[in-house]
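Read off the chains here:
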Amino acid sequence: MSEATTDRLGAFDLRDAPSMDGLRACVHCGICLPQCPTYRVLGEEMDSPRGRLYLMRAAAEGRTELTPTLARHLDLCLGCRACETACPSGVPFGQLLEATRSQLERRRVRAPATDHGTLGFLLDLFPYPGRLGPLLHGLRLYQWSGLQLMVRTLGFLTPFKKLQAMEALLPPLPASAPALPAVTPACGKRRGRAGLLIGCVQRFFYPDVNAATARLLSAAGYDVVVPPGQECCGALHLHAGRLDEFRGMARRLIDSFDPELDVIVTNAAGCGSALKEYGHWLDDDAAQQFAGKTRDISEVLVEAALPLREINERVTYHDACHLAHGQRILRQPRELLGRIPGLTLIDLKDSDLCCGSAGVYNLLEPELAGELGRRKVERIEETGARIVVSGNPGCLMQIAQQCRARGLAIEVTHPVSLLARALVDA
Amino acid sequence: MRAMAVSSPALDRALGDIVGREHLLSDAAALEVHAVDGVRPRWVARPSAVEQISRALALASAEGLAVAPRGSGSSLSLGNAPGRLDLVLDLGRMQRIIEYVPEDMVGTAEAGLSLGALGAQLAARGQMLALDPIGGASRSVGGVLACHASGPLRVRYGTGRDLLLGVRFVQADGTVTWGGSRVVKSVSGYDVPKLLVGSLGTLGVIAEATVRLHPLPPARGSWVVSTPSHAIAADCLAALLASTLEPDRLAVLNAEASKLVGVDGARAALLVSFGSVAEAVASQGAALERLAKEHRAGAAPVAAESWAQLAPALSGPVKLKLACEPRRLLHWLAELEREAAGGRLTVSAVGQGGHGVLEASLTGPLTARGLATRVLAPLRHELGREGGSLVVERAPVELKAELEPWGPISPELFAIHGRVKQAFDPTRVLNPGRFAGRL
Chain Z
703 MSEATTDRLG
713 AFDLRDAPSM
723 DGLRACVHCG
733 ICLPQCPTYR
743 VLGEEMDSPR
753 GRLYLMRAAA
763 EGRTELTPTL
773 ARHLDLCLGC
783 RACETACPSG
793 VPFGQLLEAT
803 RSQLERRRVR
813 APATDHGTLG
823 FLLDLFPYPG
833 RLGPLLHGLR
843 LYQWSGLQLM
853 VRTLGFLTPF
863 KKLQAMEALL
873 PPLPASAPAL
883 PAVTPACGKR
893 RGRAGLLIGC
903 VQRFFYPDVN
913 AATARLLSAA
923 GYDVVVPPGQ
933 ECCGALHLHA
943 GRLDEFRGMA
953 RRLIDSFDPE
963 LDVIVTNAAG
973 CGSALKEYGH
983 WLDDDAAQQF
993 AGKTRDISEV
1003 LVEAALPLRE
1013 INERVTYHDA
1023 CHLAHGQRIL
1033 RQPRELLGRI
1043 PGLTLIDLKD
1053 SDLCCGSAGV
1063 YNLLEPELAG
1073 ELGRRKVERI
1083 EETGARIVVS
1093 GNPGCLMQIA
1103 QQCRARGLAI
1113 EVTHPVSLLA
1123 RALVDA
Chain H
26 MRAMAVSSPA
36 LDRALGDIVG
46 REHLLSDAAA
56 LEVHAVDGVR
66 PRWVARPSAV
76 EQISRALALA
86 SAEGLAVAPR
96 GSGSSLSLGN
106 APGRLDLVLD
116 LGRMQRIIEY
126 VPEDMVGTAE
136 AGLSLGALGA
146 QLAARGQMLA
156 LDPIGGASRS
166 VGGVLACHAS
176 GPLRVRYGTG
186 RDLLLGVRFV
196 QADGTVTWGG
206 SRVVKSVSGY
216 DVPKLLVGSL
226 GTLGVIAEAT
236 VRLHPLPPAR
246 GSWVVSTPSH
256 AIAADCLAAL
266 LASTLEPDRL
276 AVLNAEASKL
286 VGVDGARAAL
296 LVSFGSVAEA
306 VASQGAALER
316 LAKEHRAGAA
326 PVAAESWAQL
336 APALSGPVKL
346 KLACEPRRLL
356 HWLAELEREA
366 AGGRLTVSAV
376 GQGGHGVLEA
386 SLTGPLTARG
396 LATRVLAPLR
406 HELGREGGSL
416 VVERAPVELK
426 AELEPWGPIS
436 PELFAIHGRV
446 KQAFDPTRVL
456 NPGRFAGRL
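Chains as they are written, first to last, in our numbering: chain Z, 703 to 1128; chain H, 26 to 464.
Hints were generated in silico from the structure; no laboratory data involved.
Yeah, the Cβ is synthetic: ideal placement off N, Cα and C, and Gly gets one too.
Take every hint as true, because none was put in to throw you off.
Simulated restraints on C-beta separations: (1) Z:G994 <-> H:E304: 49 to 59 Å; (2) H:R109 <-> Z:L1110: 50 to 60 Å; (3) Z:E1084 <-> H:D52: 34 to 44 Å; (4) H:R109 <-> Z:D957: 55 to 65 Å.
Quick partial rundown of chain H residues pointing at chain Z, CB under 7 Å, derived from the structure: (5) A54; (6) S99; (7) P337.
One side only, chain Z facing chain H, incomplete, derived with CB under 7 Å: (8) C731; (9) L735; (10) M748; (11) G753; (12) Y756.
Take the sequences, apply the hints, and build the full model.
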């Protein structure tokens, strides 16, 4: 029986409780099940979107407590939101999940099978450039000295599954790139001023993607403003349910950008999706405005006419979940790639099924993520493409690692890198 | 509640032995997720073979457990809430195709296989199972038969009753029975398959179904006829059915549902497809366009995806299934819309033109009283005078307790239902309470 007193919603308290209307919108039709990566691998109703909604609703209606078992079923969710795209009833699954996780997190309801130690470590590392930067200096040495080759060949890390997963994921680190100029002026006809989010993972692992983004934006007619003090957007904390820290990060990020900018541009699907939801979680004018003018780089470039030279390559496109499902961006990246003369874009089967990366998920649940990664790369291999592109750094790392593991010579890159390669400088 | 403490661990062990420990669930989360209309079972068992269903039911029958079979779980809210529930038999692991003979156009599949997965395998040989309930690609073969669900293909191919040739099912006491045949023409024995279609798992658990298949047409084209009034839609529908045109799919859409296929501003619409050789498709389409024009309506070709776009049409929190005389379909659609508008409810409706079946979902400020007084009572009363019926196929649990999902049932008919149930399941093991009259 629902006996919602004023300060409770069943097992939830009212601070960031999942929305009852959202939970009630599910009519259990099951159309989401075949779209859910964890359901496809595990085949368990409790590890399907419908099952997770049942559990959240049971908690909201006071039929169950927030137990470690319940937490585990929610922990296993990748948060890819493929179920939202599939759902005919418009259940806002991502927001319900994040709200529920925030209550589990705040009350320290933890599943023994979930590695909260690693999660905490990663959440204290990735969003802080001041911590990640120095660590990567060390890792660069590890790679360049040949130590990595030895570790990988001899399998030193095999007994340490998590550490091995992290090590395997490490892409060849670029030399520390020079910081992007604070302002890159527009070329040609000026369209406006764009603020560029350089991300926390992107800036260290794929600085060339940020450089390419700035160059393309400038060619598209934008003055590109890169606030040097910008930190993390908080997406990882949002997905883990650490809403207080997320809100702090979001607030600082908003403050670091000039409110007069015409558009805020990201080239990382996960960040873009989080930025666009600032309005929901922060609920004030500044956040609403910031969210309202956030665009993925593909949304901005698709409206510009860029001069592109020929690239004769067979390319396939993997939909990052937080582009396809989080932001419903499917057409724009494909259209942009299709504009490169000579490029053959090959359809990827199940292109919008999660690759297993999902933020830090592949470090927390290496087995399940590995299975999804293997399936993804099998599909990629079937296309016969030489290059696979995707608009999110996490996907790039995960797919590249799976390609390495299979011994495939497939180039894994970001769409803007290909576009920048084709761009004819004015 | 019956005493359960003593026998529970023993039953737990016995069920685990039957389906395998890892496929017997009894933790709170699993039970919550598999609850039927809010009624939690004590176990969820996932058999992988007919023999396991048989042993589980034999045990349930001996111990007086109440059992609910489950396919994809999409339609568990059909019927009354269970009177009691101990064991959910989840057939999701039973997904094999047992036999498929494309030359005979007959196939046998396990009950848990989804229509979508089966369809993909058949399509590779240019064939199909002609069952397409709206939004039903993920529903299971067994569940669709047990719920007697059908869709736009019905106009040409009929329902599960016409397509199910034979069935292997498990009776309440665990006896495995085979009914029907594996060929298209057969007259031997009782026609048990037809009895099981629509029985909602109250007479036996369908384990395998042998179904009649049809060729996929070599070419298909779809058209939408948009009409400015219900009367004109009714005229168009009547003219179409009386004509020599042979649609292979037909759906009557109300204004809300027609938006899903890109129609804006029509009071009603007909979504029609022809399946044949390309020339015949084109000429039938042209004839449909002429027919529409003669009735002051407009017909235009639409993409093949339009049919898939109908999937969300019936996904509101309340779903109704209304049966009436075929020629009165649009009349009852108008009545439903009128009553719903009075209660500030939005109706999205898909009708089976030619068969007098109208499925509709309702969204808006729903209350049990509002539904009962605004929609159910007046429509059931008027429909009853014409021999029609109205079933609430889905409603939120908190409302459902106060509704009569099945509507009135005549004493004569109920007596027959009672005798059939008595013959198949005298101790009321299978889905007790869920069928009409709480059988």
